[in-house]
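*Asks:* Each chain is listed here by its residues.
Number of protein chains: 2
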Amino acid sequence: MIKVAILGYGNIGRAAEEAIRAASDMELAGIFHHNDCLDNLDADVVLLCTPTREVPKYAAVLAAKGICTVDSFDIHGQISGLREQLNPLCETNKTTSIISAGWDPGTDSMVRALLMAMAPKGITYTNFGPGRSMGHSVAAKAIAGVKNALSMTIPLGTGVHRRMVYIELEKGADFKTVEAALLKDDYFAHDETHVIQVDDVDALNNVAHGVHLTRSGVSGETHNQRFEFNMEINNPALTGQVMVSCARAVYRMKARGQYGCKTMIEIAPVDMLAGTVEENIKALV
Amino acid sequence: MIKVAILGYGNIGRAAEEAIRAASDMELAGIFHHNDCLDNLDADVVLLCTPTREVPKYAAVLAAKGICTVDSFDIHGQISGLREQLNPLCETNKTTSIISAGWDPGTDSMVRALLMAMAPKGITYTNFGPGRSMGHSVAAKAIAGVKNALSMTIPLGTGVHRRMVYIELEKGADFKTVEAALLKDDYFAHDETHVIQVDDVDALNNVAHGVHLTRSGVSGETHNQRFEFNMEINNPALTGQVMVSCARAVYRMKARGQYGCKTMIEIAPVDMLAGTVEENIKALV
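Top line first, the protein sequences correspond to chains U and C.
Counting from 1, one number per residue, gives the positions in the first sequence under our numbering.
Counting from 1001, one number per residue, gives the positions in the second sequence under our numbering.
Isolated chain U, as found in the complex (with noise of 0.2 Å):
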């Protein structure tokens, strides 16, 4: 039984706490909070389902330990330094973590990995939604005059986004200025932007999501293969899902003496699975 630990409760928690119980070869070693003592911990691996900012932290400690952990580190931008911060402490203690274990960075990722190796020429769209954008809520709620607020990603096609954007306004604010603050903030500003006044926002509240990732490119001089994958999901179930059957792939990764941070796009698939490698190639291959 693989000791798979929990650090940090929130959706993405709670979410990896099902996927673990679901799981035949992994037990629960724990919950904890972010000031929870890590010291006498006895788990091969820890979730960091913790705000994505204190990932790095956390990360870095456990690996100073010796310790297997997964998270779902969001910034695209950040990762490959992440990775890069991570990687000489994981060599060192002999350790193996993965980083970025969701959906997008996560499986999406993979999937733009096996298009380029079908079609390394072309271009690939990752469409979001219809679902919740977490940063555009936080950052339309931080209008003054906002009380709460969801951003809803809308997909144009090629990538290109509308935000749908429910808000409930403060007592005596005016709707025109509020609108007008929100389509001028950066977070807005360079897509299409509806901008939607509800009484209550919580009733629209929905954790579903969705992805229309395609391809068109060229296999060796051959053009116009043509790819696409689609998925509509529970997002936190699906990240929880995701994380957990990451943790099953860096506990096997690390007792075969795999050492190192790895995001998803360098693992095997068939190390997130249940079953032996042969059971998995008699079902799947």
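Worth double-checking, as some hints may not be accurate.
To be verified - Calculated lysine to any residue pairs in the SDA-like style (CA-CA distance at most 20 Å, straight line):
1. C:K1282 / U:D74
2. U:K121 / C:E1027
3. U:K65 / U:D44
4. U:K3 / U:R14
5. C:K1121 / U:D25
6. U:K171 / U:G145
7. C:K1282 / U:N127
8. C:K1121 / U:T276
9. U:K282 / C:D1074
10. C:K1094 / C:G1257
11. C:K1057 / C:D1039
12. C:K1282 / U:G260
13. U:K184 / U:G135
14. U:K282 / C:T1214
Source of the hints: derived by calculation from the structure; they are not laboratory data.
Given the coordinates of chain U, assemble chain C onto it according to the supplied hints.
*Replies:* Only chain C this time, still in chain U's reference frame:
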């Protein structure tokens, strides 16, 4: 530069040649035919583009010489057995081979594995086509009275397929007799099959193929997670390209000491891509 040789020069061998020439990190180390001598081969990797039944023999001969191979062995029920046979040979001779590298088995297998990691419970359906089935075309051609035949696979959903069989008759053959014999053949008896007489089968020939792969499953305890992978492709061009991308992976795995016989679900997607891991993380993760 990775030196890649091709053994067998049919549709797949030709497509593989194009993919090698398009790769900036590879050079063509020669094209060999079935009876050529492999004794003085100067290649890092040999692509086995022979008929599938000849693959095990050549893969074993080359593994014994410590040379990496990639093949597209496609008899699903025999893949695990072939791996078991080649694995100790590769390990003894400190080399690596990738078997069943194509799109199914191959990249579809990786997608099926990835979807299992994302939603461990549920059903995956792989729907093939529209496209030519080589096996069914050969079986139809073997019926007495058939001069030439093309069997198209038409997807009906949930992994059920229709067979559209276009036949050109020998002089004096009776269509009704041929049709009855074909419908009783084990290749066709279990599927909805339509037999159509045409004057010229060759005029219908087209290497287009397609896949529509779906999974509805459970992440943790959350049901109704929906996934879909589609492609519409030139069949030999994609197979050749995937084999060439796997040549890069097998070369790197051997260099790292990851010896043995592997299927595509056992390889990390990034190993198939030109460029460094860091470059690919920045571009794809």
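*Asks:* Between C:K1057 and C:D1039, does the CA-CA distance stay at or below 20 Å?
*Replies:* 15 Å, holds
*Asks:* Below or equal to 20 Å on CA atoms is what counts here, so check C:K1282 against U:D74.
*Replies:* With a Cα-Cα distance of about 13 Å, the restraint between C:K1282 and U:D74 holds, given a limit of 20 Å.
*Asks:* U:K121 and C:E1027 were given as a pair; does the straight-line alpha-carbon distance stay at or below 20 Å?
*Replies:* Cα-Cα ~18 Å, so holds.
*Asks:* Verify the proposed pairing of C:K1094 with C:G1257, using a straight-line Cα cut of 20 Å.
*Replies:* 8 Å, holds
*Asks:* Are C:K1282 and U:G260 close enough, with their CA atoms no more than 20 Å apart?
*Replies:* OK: C:K1282 and U:G260 at ~18 Å, within 20 Å.
*Asks:* Run the distance test for C:K1121 versus U:D25: straight-line Cα separation, threshold 20 Å.
*Replies:* 15 Å, holds
*Asks:* U:K65 and U:D44: Cα distance at most 20 Å?
*Replies:* 11 Å, holds
*Asks:* Tell me if the straight-line CA distance from U:K171 to U:G145 falls inside 20 Å.
*Replies:* Holds. U:K171 to U:G145 sits at ~8 Å (cutoff 20 Å).
*Asks:* Tell me if the straight-line CA distance from U:K282 to C:T1214 falls inside 20 Å.
*Replies:* Roughly 19 Å between the alpha carbons, so the hint for U:K282 and C:T1214 holds.
*Asks:* Compare the distance between the alpha carbons of U:K3 and U:R14 with 20 Å, and conclude whether the hinted pair is satisfied.
*Replies:* Judged against 20 Å, a Cα distance of about 17 Å means the pair holds.
*Asks:* Between U:K184 and U:G135, is the straight-line Cα distance small enough, at 20 Å or below?
*Replies:* 16 Å, holds
*Asks:* Check the hint pairing C:K1282 with U:N127 against an upper bound of 20 Å on the C-alpha distance.
*Replies:* 18 Å, holds
Of the numbered hints stated above, none is contradicted by the structure.
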